[in-house]
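Number of protein chains: 2
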Amino acid sequence: MRVGIVGGTGDIGEGLAMRLSSRHDVVIGSRDEARAVTSSQCCLTTLRQRGLPCSCEGTTNQQAVDRSDIVILAVPFSHVAGTVSGLRGFSGKIVVSPVNPIEKRDYFMYVPPPEGSAALMIRKLLPPDARLCTAFNTVAANKWRALDQELHLAVPVCGDDREAKATVMELVNSIEGIRAYDAGPLAASCMVESLTPLLLNIARFNRMRDVGIEFR
Amino acid sequence: MRVGIVGGTGDIGEGLAMRLSSRHDVVIGSRDEARAVTSSQCCLTTLRQRGLPCSCEGTTNQQAVDRSDIVILAVPFSHVAGTVSGLRGFSGKIVVSPVNPIEKRDYFMYVPPPEGSAALMIRKLLPPDARLCTAFNTVAANKWRALDQELHLAVPVCGDDREAKATVMELVNSIEGIRAYDAGPLAASCMVESLTPLLLNIARFNRMRDVGIEFR
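Residue numbers (our numbering), protein chains in the order written: chain A, 1 to 216; chain B, 1001 to 1216.
Check before you lean on any hint, since a few could be wrong.
[Stated by the list, open to error] List of simulated lysine-lysine pairs, DSS-like, C-alpha gap at most 30 Å:
| no. | chain 1 | residue 1 | chain 2 | residue 2 |
| --- | --- | --- | --- | --- |
| 1 | B | LYS1104 | A | LYS124 |
| 2 | A | LYS143 | A | LYS104 |
| 3 | B | LYS1143 | B | LYS1104 |
| 4 | A | LYS104 | B | LYS1124 |
[What the hints assert, rightly or not] Footprint (simulated), chain B over chain A, 3 or more residues, beta carbon under 8 Å:
| no. | segment |
| --- | --- |
| 5 | 9-21 |
| 6 | 87-97 |
| 7 | 101-112 |
| 8 | 149-160 |
| 9 | 208-215 |
[Stated by the list, open to error] Computed footprint of chain A on chain B; a stretch qualifies when at least three of its residues, placed anywhere within it, have a C-beta under 8 Å from a C-beta of chain A:
| no. | segment |
| --- | --- |
| 10 | 1031-1037 |
| 11 | 1098-1112 |
| 12 | 1120-1133 |
| 13 | 1162-1171 |
To be clear, the hints were calculated from the coordinates, so they are not data collected in a lab.
In this text, a Cβ means the ideal position worked out from N, Cα and C, and glycines have one as well.
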């Protein structure tokens, strides 16, 4: 699978690129192409040092969309509407939202947009035939990047297109130690997105780091 | 600790009584006192068959409040406002809400009241000096009741009264295999409550049963 990461030089994007590029062809996108190139070189170096294969290139966000079968929107909630509106070519593609609308107060709070979730807001910005799924919301950036750390984490996946959801779950399951769970239709994404501020609260109030979940 | 369970003959209440009455004095309350008595006898029999101690009595919901230090509101969301409004004596007590406002569509959906969560709605119905916490939301009724099943589950606890929260976390941790996590202030309860419909969706769409969570 050719996986494009819009916002691929950010915290989550960078870690995702490292985890995915040993098994898939990854296209790291950025507003700043030079940063994406640096990021892809860093990814290559890191994986080769570990004796792992790596297929990864850095380019613009638009190229990351154009050259990929699956596009991950690794963009903070505050920028996602602007970013998606500025890009073309989503038609027919599988698009993945790992986006969580969170406010930081004395604690972390889930504050969804009027549509009910980031996913439902993003759906309105995409062409009707884009195949949007929610995934990768709940894994902390540091866990993605800590390649030497063994993961045992669950990733809930939502979506309305059965085939697209199966492909995204396959992508999730291709990462060692991560297990995909079908969490229902796209309208159920709010319950997946609100897990992330809960996990941030659990970390904060129990002096833990990079908390993830398992279902059992 | 003397623990009262309002709605103690329901699914969650019955299981909670079984798990708690080997370590605490449990007062099972019900609108129907006779049912509460039957339930407490069942609890005694079940625990004694396993060679466990059991302190458990059945009575009215009002007596369950009056005779207890901690009151658990084991009532479905649709009945909790009516039930709480019909009871007195919460003043100064620790009150625990395991209540989740859920709608069943083709999937399970978190549908909080205008206050933002069941917990915040319940707080408005209680006297200002009642010490409300959120806890026990995410454990499936069948898991509570399956006494022979070893649990490995996380229970997030929210609350604004530090001492009350510590007491509730102690109560949670007194159940073998259950671990309490501080999930922040009462205003963060929505993220705990919305975990339950997510777990129901995970169970439904992945052919699992009685799904719980662990943090790691």
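Outcome of the hint check:
no.	hint	verdict
1	LYS1104/B <-> LYS124/A	25 Å, holds
2	LYS143/A <-> LYS104/A	21 Å, holds
3	LYS1143/B <-> LYS1104/B	21 Å, holds
4	LYS104/A <-> LYS1124/B	25 Å, holds
5	9-21	violated (count 0)
6	87-97	violated (count 0)
7	101-112	holds (count 5)
8	149-160	holds (count 3)
9	208-215	holds (count 6)
10	1031-1037	violated (count 0)
11	1098-1112	holds (count 5)
12	1120-1133	violated (count 0)
13	1162-1171	violated (count 0)
Checked against the numbered hints above, the structure violates hints 5, 6, 10, 12, 13; every other hint is satisfied.
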